[in-house]
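**Q** Please build the complete structure, drawing on both the sequences and the hints.
Just so you know, the sequences run in chain order G and C.
With the first letter of the first sequence counted as 1, position 174 gets the number 174 in my numbering; the numbers rise by one all the way through.
With the first letter of the second sequence counted as 1, position 110 gets the number 110 in my numbering; the numbers rise by one all the way through.
Listed below are several chain G residues computed to face chain C (Cβ distance under 10 Å; list not exhaustive): (1) His20; (2) Asn21; (3) Arg58; (4) Asn63; (5) Leu65; (6) Arg84; (7) Ile86; (8) Arg102; (9) Val103; (10) Arg106; (11) Glu111; (12) Leu118.
These stretches of chain C come out as covered by chain G in the derived footprint (C-beta under 8 Å, 3 or more residues): (13) 188 to 199; (14) 219 to 233.
Since the hints were made in silico from the structure, they are not lab data.
The beta carbon of each residue, even a glycine, is placed where N, CA and C say it ideally should be.
This is what each chain is made of:
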Amino acid sequence: MTGVEPMIALSDVSKTFTLHNQGGAVIEVMRNASLSVAGGECVALVGASGAGKSTLMRMVYGNYLAAKGKVVVAGLDVAQAAPREILALRREVMGYVSQFLRVVPRVPTLEVVAEPLLAVGEDREAALARARDLLTRLNIPQTLWSLSPTTFSGGEQQRVNIARGFAHPYPVLLLDEPTASLDAANREVVLTLIEEAKDRGAAIMGIFHDEAARDRVCDRVVDVTGFAPRQAA
Amino acid sequence: MTPLLSVRALTKRYGPHIGCADVSFDLWPGEVMGIVGESGSGKSTLLNCMAGHLVCDSGQVIFDTRADGPTDTLTMSEPARRMLSRTDWAFVHQHARDGLHMGVSAGGNVGERLMAVGARNYGDIRDTAIDWLGRVEISETRIDDRPTTFSGGMQQRLQIARNLVTGPRLVFMDEPTGGLDVSVQARLLDLLRGLVRDMGLSAIIVTHDLAVVRLLADRLMVMKDGHVVEAGLTDQVLDDPQHAYTQLLVSSVLQV
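**A** Shown next, in the form of structure tokens:
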């Protein structure tokens with residue numbers, strides 16, 4: 001792929017939900033969504049709550065199925081790809097910092113953060129060193145590193161999630177409210193991490209309710225309200 | 001790359017009743033696939049047919065063997081298939097006592113598998129057994145104890161050690177965390193995930209626990225009445241289920 005091609009490109013994407021337990025009602029939540037994100041660019045999805053920001057992001061990550069259209073990430077159409085192709089894409093190319101930390105209980109925080117690096121075959125010591133560096137930057141006390149994050153506070157879990165998401169230098173990053181529930185100092189660290197990712201050429205798509213943060217790191221905003229299906233004419 | 005396992009149109013009937021019907025999929029090296037569905041959905045029948053514990057009516061179970069490449073294990077000679085199940089395959093039963101020799105010591109249970117593939121040096125076998133007991137977090141001091149003196153969780157971990165000691169490439173698991181309390185389950189999940197990553201093995205896990213597959217499985221197959229009704233990436237199937245039955249299954253649990 002050439003440098004001018006976007007890393008994320010959606011064209012004419014529609015999304016419907018079929019509610020089988022409600023008589024098979026089909027609800028269309030998005031129609032003809034098109035947008036693209038280039039390497040080194042950060043694009044914010046905006047729109048009222050329920051407008052479809054998370055839905056769109058999930059279609060990019062591949063845990064929501066698009067009803068129609070193309071969702072091309074680094075050359076792979078996620079809407080059509082086989083599971084193992086999406087798994088490889090997620091391992092090598094596309095990271096996702098969600099609002100929830102989902103981990104195997106009992107696994108130490110340091111391992112949780114290093115895991116994406118180990119999954120791409122990074123040397124164990126190098127992976128752990130990178131994890132220590134990120135946890136230090138995100139002000140997670142060293143006394144917590146050997147504990148499972150499942151017992152941590154909301155803000156600490158959020159920072160562990162961010163450390164994990166930034167451990168491997170993914171060329172594509174999806175960020176769902178990365179600065180929510182963070183204090184000023186940690187918010188600053190996260191924004192710096194985002195700027196560093198942009199500088200190394202990552203394409204970033206994010207949801208930011210924090211307007212000042214959005215203005216600082218995002219190059220463009222896309223209002224997903226424009227992708228809402230028209231009411232029956 | 002060649003799939004490690006290719007299942008084609010696998011069908012098993014119990015008289016007029018369908019056990020599993022027309023199941024096809026490919027499993028790739030390093031992948032973990034979950035099979036979910038309520039009891040009676042055919043998931044255990046399918047697992048036992050693939051592993052050769054049940055005779056199926058039709059279909060193919062093609063395994064990428066080390067010596068001859070992709071081979072249909074259902075038409076393989078019995079000795080060849082038995083050798084395969086000792087070397088490249090492993091089967092972890094829901095009840096550890098079905099997969100262990102309860103009258104034999106813990107070390108013996110692990111060593112037996114090694115001897116079945118030709119290991120003869122007592123010292124080597126014992127060292128390997130100690131190493132594996134350590135990996136599944138069973139103290140070396142228990143090596144000469146019989147599994148009857150172990151807790152349920154320890155028995156399950158011993159069963160896993162016994163199965164993985166020969167370095168299999170494919171592991172079949174039938175409700176591996178069923179019947180264990182939550183903290184023991186977590187420990188077992190952690191262990192299994194580490195082993196999958198470090199040894200690069202592929203696994204097929206039958207369970208009814210959606211939280212377990214969310215954490216362990218890359219891919220998911222949902223079964224109902226012997227048929228596969230939905231298959232895909234684990235988080236896609238759980239977050240955006242397409243089939244009526246999957247929607248019901250996902251909405252019936254507290255939180256996954």
